[in-house]
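Residue numbers (my numbering), protein chains in the order written: chain F, 121 to 236; chain L, 18 to 134.
Errors might be hidden in some of the hints.
Claimed, not checked - For lysine-lysine, the following BS3-like pairs were computed, each having C-alpha atoms within a straight-line distance of at most 30 Å:
(1) F:K138 x L:K20
(2) F:K161 x L:K87
(3) F:K173 x L:K87
(4) L:K55 x F:K129
(5) F:K160 x F:K129
(6) L:K121 x L:K33
Honestly, the hints are just simulated from the structure, not real lab data. Since the model is a prediction, treat every value here as computed from it, not as a measurement.
The primary structure of each chain is shown beneath.
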Amino acid sequence: DTEVTQTPKHLVMGMTNKKSLKCEQHMGHRAMYWYKQKAKKPPELMFVYSYEKLSINESVPSRFSPECPNSSLLNLHLHALQPEDSALYLCASSQDGGSSSTDTQYFGPGTRLTVL
Amino acid sequence: AQKVTQAQTEISVVEKEDVTLDCVYETRDTTYYLFWYKQPPSGELVFLIRRNSFDEQNEISGRYSWNFQKSTSSFNFTITASQVVDSAVYFCALSGVGDTGFQKLVFGTGTRLLVSP
Numbered sequence: 121d122t123e124v125t126q127t128p129k130h131l132v133m134g135m136t137n138k139k140s141l142k143c144e145q146h147m148g149h150r151a152m153y154w155y156k157q158k159a160k161k162p163p164e165l166m167f168v169y170s171y172e173k174l175s176i177n178e179s180v181p182s183r184f185s186p187e188c189p190n191s192s193l194l195n196l197h198l199h200a201l202q203p204e205d206s207a208l209y210l211c212a213s214s215q216d217g218g219s220s221s222t223d224t225q226y227f228g229p230g231t232r233l234t235v236l
Numbered sequence: 018a019q020k021v022t023q024a025q026t027e028i029s030v031v032e033k034e035d036v037t038l039d040c041v042y043e044t045r046d047t048t049y050y051l052f053w054y055k056q057p058p059s060g061e062l063v064f065l066i067r068r069n070s071f072d073e074q075n076e077i078s079g080r081y082s083w084n085f086q087k088s089t090s091s092f093n094f095t096i097t098a099s100q101v102v103d104s105a106v107y108f109c110a111l112s113g114v115g116d117t118g119f120q121k122l123v124f125g126t127g128t129r130l131l132v133s134p
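Construct all of the structure, not just a fragment, from the sequences and the given hints.
Here it is as structure tokens:
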């Protein structure tokens, strides 16, 4: 079973709203990732959690705040977003959590976010 | 720096035609991994294949086949007898340490494949 689930599928929010994206995996993977994908572009890495600790932050603005409550869950808290933050947000997981991990990343279906 | 180039932005074929998607990569790492992912209109990235830099054997999986040539830094993907369900964006990706000091998945810009009936 290589399933990664994400909720919600779609989200529309105003610039003053606070919302959260959720990601869950039950494969026993120890690394989880957030990517941002703009239309007709490849995914761009935002954050990496390894063994429930933030290991990589790709200089993401503080209006995006990740959280890893346990090894199966990953959240992305959103606050004071801008219209240019509208994108598909993808979550992924991989078996190994080390910084040298070369394991395959399995992706969820994504959340399509629109910021008005 | 690590880089993946997918020169074909969009390819259109008619069902049952064979189609090859090109992927050229750049890396200074001696150990690295190459991947292909499929992204249908629904948005999910579907893993297709993972190949390490020491394994140059070609691989076939049903109608899919992959040709890895280290000498030309290419990892091309062929779909035989294409079907409408193959319509999607296909991403080639490279995983290596590069200059960053940590393993990172670097994606190409993707090739959009349109298969018409």
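Which hint numbers doesn't this structure obey?
Failing hints, ascending: 1, 3 and 6.
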